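K.L.:
So you can see what is in the structure, the chains are spelled out below.
Number of protein chains: 2
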Amino acid sequence: MFKAMAQCLKELIFLFFLAIFSKAAEGLKPYSRATVAPDAVNNNYCLSWRLAAEANNLRGWRTVPAQCMHYIEAYMMGGQYERDLDFITEQILSYVSEVVLSGDGMDAWILDVDDTCISNIFYYKKKRYGCEPYDPAGFKAWALKGRCPAIPAVLGLFQVLIESGFKVFLVTGRDQETLAQSTISNLHNQGFIGYDRLILRTASYEGQSAVAYKSDIRKQLVGEGYRIWGNVGDQWSDLEGEFSGNRTFKLPNPMYFVP
Amino acid sequence: MFKAMAQCLKELIFLFFLAIFSKAAEGLKPYSRATVAPDAVNNNYCLSWRLAAEANNLRGWRTVPAQCMHYIEAYMMGGQYERDLDFITEQILSYVSEVVLSGDGMDAWILDVDDTCISNIFYYKKKRYGCEPYDPAGFKAWALKGRCPAIPAVLGLFQVLIESGFKVFLVTGRDQETLAQSTISNLHNQGFIGYDRLILRTASYEGQSAVAYKSDIRKQLVGEGYRIWGNVGDQWSDLEGEFSGNRTFKLPNPMYFVP
Chain A
1 MFKAMAQCLK ELIFLFFLAI FSKAAEGLKP YSRATVAPDA VNNNYCLSWR LAAEANNLRG
61 WRTVPAQCMH YIEAYMMGGQ YERDLDFITE QILSYVSEVV LSGDGMDAWI LDVDDTCISN
121 IFYYKKKRYG CEPYDPAGFK AWALKGRCPA IPAVLGLFQV LIESGFKVFL VTGRDQETLA
181 QSTISNLHNQ GFIGYDRLIL RTASYEGQSA VAYKSDIRKQ LVGEGYRIWG NVGDQWSDLE
241 GEFSGNRTFK LPNPMYFVP
Chain B
1 MFKAMAQCLK ELIFLFFLAI FSKAAEGLKP YSRATVAPDA VNNNYCLSWR LAAEANNLRG
61 WRTVPAQCMH YIEAYMMGGQ YERDLDFITE QILSYVSEVV LSGDGMDAWI LDVDDTCISN
121 IFYYKKKRYG CEPYDPAGFK AWALKGRCPA IPAVLGLFQV LIESGFKVFL VTGRDQETLA
181 QSTISNLHNQ GFIGYDRLIL RTASYEGQSA VAYKSDIRKQ LVGEGYRIWG NVGDQWSDLE
241 GEFSGNRTFK LPNPMYFVP
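These protein sequence lines are chains A and B, in that order.
Residues 1 to 259 (the UniProt record's numbering) make up the first sequence, in order.
Residues 1 to 259 (the UniProt record's numbering) make up the second sequence, in order.
Don't read these hints as lab results, they were simulated from the structure.
A couple of the hints might just be wrong.
Since copy identity is lost for identical chains, a pair holds within one copy or between any two.
In silico SDA-like pairs for lysine to any residue, Cα to Cα no more than 20 Å straight-line [said to hold, decoys possible]:
1. 219 with 241
2. 219 with 248
3. 125 with 103
4. 140 with 180
5. 219 with 242
6. 126 with 159
Only a predicted model underlies this, so the values are computations on that prediction, with no experimental measurement involved.
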């Protein structure tokens, strides 16, 4: 109880400084005042919005509601996002510890890449944490840099999976032709070493939904004889569809929605 | 921003009074001090726990973590639960408004009963908001009273569905033999009037998981020619499995898990 009060006070102080910072920042960024009035921020509404998104009650949303920009900023940068990731990876590790591997090398695990293994938070910070619509050219330019930092909790999970003997498949909607090299390099420079395959989207899957594309990839893996024990992604479209895996885990991501 | 600060202050005041109340209540309830120390309350942890539960990352949990009792109490009684329900039903109504009904009387909608149509919050309040394990006899005695209040947001949705021409099926895991009469009466006294069928669990489904039982009921409805446009429940087991419906909606419920 008293901890909760102390936490609330801490949040109050954080929000106070965020308010001062935002006021200062508004002078620099002409769009801030125009599109996100400080008094439009509504923590309760944005908490409901975020919960609905994470529970898969919202579909096809294109941008974060403008009045939630500061809320999402506070969520992503204030520590709760990391705490949520840590909590979920603890659950995953608990499940992993219960899996009895067959030893035939066919026990598989699937991880998404963007905002699962490596983070795009610095890119989305410039897109007002998802309040701006998806910008394919901008994202491609960012991804080509190969500078996404690892998500520490997922890197830890990845290492446990490798050490436990799982075959880890990284399945991403990133375009094979243009982004394969920078993605391989980025994963390597962040410590994702020892995975079985990185599977990127080839031209034959162009225009298909993530659910259709990723289901087909998983179908092929199951066809090769792999048992998919787990499947982790920040998008419901990583986890829905066929051959989704024995257990699926949804990591938080309130910044964008991939159909 | 300032609204968020005001809200945080409001929450601080709420938590302050909750702390005073809890201190007073501890004198009356000998278990409080023993099992939930006030300083064990951890809002951040409990928010991560709740998010993980709502996003279907936790499976088979039997009780709310003891340190989250006050957090869950504040969530359920402090307004955010209602706000979350209101937000999700707005999303559902938006989807409902887009459905073009065929007019042949075969457009169907499925609603769960407990903590979807009618609320068990007063029962679970006595079970420390889910910190105590499921008590079948206690719950049966409560359900026999037929005094669960309607969840206002879902009653509003129900009325729109009926007026729009959907055939509404209420599908519940409650036992047909012992609870049919009190459930029918309870739904009626709370305004759930005009549904097509209330389907309770018959002896033939005894011991089956909710997913298996509810999937089989939906399969029968689809077999009768119904198109399931929507399916709303507070448990993932209401929404998983076969014939789940064109859209599913997960209502919040951090108090218990039905496998």
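K.L.:
Using 20 Å as the alpha-carbon threshold, which applies to residue 126 and residue 159: within, between, both, or neither?
P.N.:
neither (31 Å within a copy, 44 Å between copies)
K.L.:
Between the shortest in-copy and the shortest cross-copy C-alpha distance, which are at most 20 Å for residue 219 and residue 242: within, between, both, or neither?
P.N.:
both (7 Å within a copy, 19 Å between copies)
K.L.:
Quick one: residue 219 to residue 248, C-alpha cut-off 20 Å, is that within a copy, between copies, both, or neither?
P.N.:
within (16 Å within a copy, 24 Å between copies)
K.L.:
At most 20 Å between C-alpha atoms: does residue 140 with residue 180 qualify within a copy, between copies, both, or neither?
P.N.:
Classified as within: same-chain Cα gap 12 Å, cross-chain 58 Å, threshold 20 Å.
K.L.:
At most 20 Å between alpha carbons: which applies to residue 219 and residue 241, within, between, both or neither?
P.N.:
So residue 219 and residue 241 pass the 20 Å test inside a copy (10 Å) and across (19 Å) alike.
K.L.:
As a check of your reading, is residue 125 near residue 103 (CA-CA no more than 20 Å) within one copy, between copies, both or neither?
P.N.:
neither (43 Å within a copy, 48 Å between copies)
Comparing the model with each earlier hint shows violations of hints 3, 6; every other hint is respected.
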